[in-house]
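Student: Chains as they are written, first to last, in my numbering: chain A, 16 to 258; chain B, 431 to 735.
Just so you know, these hints were derived from the structure itself, not from any lab.
Treat the hints loosely; a few may be bogus.
[What the hints assert, rightly or not] Capping the alpha-carbon separation at 25 Å, the derived lysine-lysine pairs in DSS-like fashion look like this:
id, chain 1, residue 1, chain 2, residue 2
1, B, 519, A, 239
2, B, 516, B, 483
3, B, 462, B, 519
4, A, 139, A, 114
5, B, 462, B, 516
6, A, 28, A, 91
7, A, 239, B, 483
8, B, 481, B, 586
9, B, 481, A, 239
10, B, 642, A, 239
11, B, 586, B, 573
12, A, 28, B, 633
13, B, 587, B, 481
14, B, 487, A, 239
15, B, 463, A, 239
16, B, 469, B, 551
17, A, 113, A, 181
18, B, 573, B, 665
19, B, 481, B, 519
20, B, 463, A, 19
21, B, 551, B, 516
22, A, 239, B, 516
23, B, 613, B, 438
24, B, 519, B, 483
25, B, 487, B, 633
26, B, 462, A, 239
27, B, 667, B, 586
One letter stands for each residue in the lines below.
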Amino acid sequence: MRLKIVQNEQIAKDTFVLKVDNPGLFEVLPGQFFMVKINDYPFPLLRRPFSVAGFSDTIDFIYRVVGEGTRILTTKEKGEFIDILGPLGNGFSINSTKKLLLVGGGIGVAPLLYLKSVIESEYKIRCDAYFGFNSKDEIFTDDGNIATMDGSAGFKGNVVEMVEDKLNSDVLVYACGPTLMLRRLAFLCFEANCSMQVSLESRMACGIGVCLGCVVQTADNRYKKVCVDGPVFDFEEIQWQAL
Amino acid sequence: MASSLVVKLGNLIFKNPVLTASGTFGYGLEYKKYMDLNKLGGFIVKGLSVKEKLGNKPPRIVETPCGMLNAIGLQNIGVDRFIEEKLPKLENLNTHVIANIYGSEVSEFVEIAEKLDKEPKISAIEVNVSCPNVSAGGALFGKDPDMVFVLTASIKKVFSRPVIVKLTPNVEDIAFIAQAAEKGGADAVSLINTITGMVIDTKTKKPLLANKTGGLSGPAIYPVGVRMVYEVYEKVKIPIIGVGGIYSSDIALQYIMAGATLIQVGTANFIDPAISLEILKGIGEYLESEGIESISKLIGIAHAD
Numbered sequence: 016m017r018l019k020i021v022q023n024e025q026i027a028k029d030t031f032v033l034k035v036d037n038p039g040l041f042e043v044l045p046g047q048f049f050m051v052k053i054n055d056y057p058f059p060l061l062r063r064p065f066s067v068a069g070f071s072d073t074i075d076f077i078y079r080v081v082g083e084g085t086r087i088l089t090t091k092e093k094g095e096f097i098d099i100l101g102p103l104g105n106g107f108s109i110n111s112t113k114k115l116l117l118v119g120g121g122i123g124v125a126p127l128l129y130l131k132s133v134i135e136s137e138y139k140i141r142c143d144a145y146f147g148f149n150s151k152d153e154i155f156t157d158d159g160n161i162a163t164m165d166g167s168a169g170f171k172g173n174v175v176e177m178v179e180d181k182l183n184s185d186v187l188v189y190a191c192g193p194t195l196m197l198r199r200l201a202f203l204c205f206e207a208n209c210s211m212q213v214s215l216e217s218r219m220a221c222g223i224g225v226c227l228g229c230v231v232q233t234a235d236n237r238y239k240k241v242c243v244d245g246p247v248f249d250f251e252e253i254q255w256q257a258l
Numbered sequence: 431m432a433s434s435l436v437v438k439l440g441n442l443i444f445k446n447p448v449l450t451a452s453g454t455f456g457y458g459l460e461y462k463k464y465m466d467l468n469k470l471g472g473f474i475v476k477g478l479s480v481k482e483k484l485g486n487k488p489p490r491i492v493e494t495p496c497g498m499l500n501a502i503g504l505q506n507i508g509v510d511r512f513i514e515e516k517l518p519k520l521e522n523l524n525t526h527v528i529a530n531i532y533g534s535e536v537s538e539f540v541e542i543a544e545k546l547d548k549e550p551k552i553s554a555i556e557v558n559v560s561c562p563n564v565s566a567g568g569a570l571f572g573k574d575p576d577m578v579f580v581l582t583a584s585i586k587k588v589f590s591r592p593v594i595v596k597l598t599p600n601v602e603d604i605a606f607i608a609q610a611a612e613k614g615g616a617d618a619v620s621l622i623n624t625i626t627g628m629v630i631d632t633k634t635k636k637p638l639l640a641n642k643t644g645g646l647s648g649p650a651i652y653p654v655g656v657r658m659v660y661e662v663y664e665k666v667k668i669p670i671i672g673v674g675g676i677y678s679s680d681i682a683l684q685y686i687m688a689g690a691t692l693i694q695v696g697t698a699n700f701i702d703p704a705i706s707l708e709i710l711k712g713i714g715e716y717l718e719s720e721g722i723e724s725i726s727k728l729i730g731i732a733h734a735d
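Chain A extracted, bound-state conformation (with noise of 0.2 Å):
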């Protein structure tokens, strides 16, 4: 789908929010995403993943900047066209049974926003969010408990010490984030018999089930697609110390 820049615009370091024109799709699910093609041919070659951030009248994403794809969409206008393939992935399964806790890091707070708020629009339950920072610039977002890393705004320290003595067995936690703090959050929650699902990054090609190169290593020591299996997966399904 070639769909309307409506917005592109930096709001924290490194950080952008990126809207198109929502092109009248019924439904996509938190944790879903997109396969965004940065320019035509040939370079960058690949499309990029983003997992969608908010969904209205326009689809959200919200990116960093870490190589030149990325750097090279900083440069799209508002009004310009871009080709994006999705909605991919299979999206969070939201149990209204239990306590939600949010957890995410960096970049990974992007889909856990839009998750935020499906569950208080739609499902009309409240959640709590712990979202962590490596510095005060880097936030992109008020709508939750900030940890900061260097201290600079909200709780110092990594957001996984914000969250551990909330861990049991009648929470449900929604994570994403760097693969280091889903390691610790899943020890955690395991320790404490509390559920996780845990959306995970992974280098694709295609985000359809087909090069296979996105895969993780499953707990029986398979491997399941990041892009079709996932992006969200039931964290006892992974192999933690593999990644």
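Please build the complex by placing chain B on the supplied structure of chain A, with the hints as guidance.
Tutor: Just chain B, lined up with the frame of chain A:
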């Protein structure tokens, strides 16, 4: 009157020369949502081994300038499950389904070919002697002309329809290997498979792929593919299937002019799932605009004095 896009490979007739390459098109079914598969000349399914293969550890892919490096390691469900689970869903398609096959020894290739010979929906098999990402078989076979000869001849004994041998570019003289395949009875050769490469992660100071090396594909490699098709065309009589970095009709036409009877679209499928049909459309438009009545007139035309 529209120009004819029909091409032949052995006794197989293809409605057009556009195929999709193994490893970039799943089992075909994944693309049904994005395109009408019947419009393709045919498609080549993911490489099949005797038993299911899990493939290599991740990371398995990395992007490079105008290309990508992959080390998937032939992850597939195995020939039996393919026949049971996937093939019935392909039965009603009006296009050629070609099975790519892989083994770590000759007997494994033969076993798969025997099984597929009983499946009439499989129009041809493409023998993978060129995967750079597996420790046994793969490109090791493809670098040895005697092995290519023996393997091709062995498969020809058990498979009654066309046998295509897919060659590796990671050799000194690809035409020499193509001749060995032809001598073994191959009905066609596909070239090229990926070019072995490596990317080093400067943060960890180690190769980025878990397999260390991978196969380079994408637009970056098309000049190598065109050159190799050109060279092989002068040395063999059997049809050549050109593959490597095709992402536009212009590049597809270059392969055809170099000597390819058919072409395969590979990595570009990952970026635009329906791109092979765009390429097909562009080839047709070119023929019309040049006033050429048949695609066959273009095959190898770059060799003319």
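Student: For every hint, state whether the structure bears it out.
Tutor: Results of checking the hints against the structure:
no. : hint          : result
1   : 519/B / 239/A : holds, 23 Å
2   : 516/B / 483/B : holds, 16 Å
3   : 462/B / 519/B : holds, 11 Å
4   : 139/A / 114/A : holds, 13 Å
5   : 462/B / 516/B : holds, 13 Å
6   : 28/A / 91/A   : holds, 18 Å
7   : 239/A / 483/B : holds, 13 Å
8   : 481/B / 586/B : holds, 21 Å
9   : 481/B / 239/A : holds, 18 Å
10  : 642/B / 239/A : holds, 21 Å
11  : 586/B / 573/B : holds, 20 Å
12  : 28/A / 633/B  : holds, 21 Å
13  : 587/B / 481/B : holds, 22 Å
14  : 487/B / 239/A : holds, 12 Å
15  : 463/B / 239/A : holds, 21 Å
16  : 469/B / 551/B : holds, 17 Å
17  : 113/A / 181/A : holds, 13 Å
18  : 573/B / 665/B : holds, 17 Å
19  : 481/B / 519/B : holds, 21 Å
20  : 463/B / 19/A  : holds, 23 Å
21  : 551/B / 516/B : holds, 11 Å
22  : 239/A / 516/B : holds, 19 Å
23  : 613/B / 438/B : holds, 20 Å
24  : 519/B / 483/B : holds, 22 Å
25  : 487/B / 633/B : holds, 20 Å
26  : 462/B / 239/A : holds, 21 Å
27  : 667/B / 586/B : holds, 18 Å
Of the numbered hints given earlier, the model fails none.
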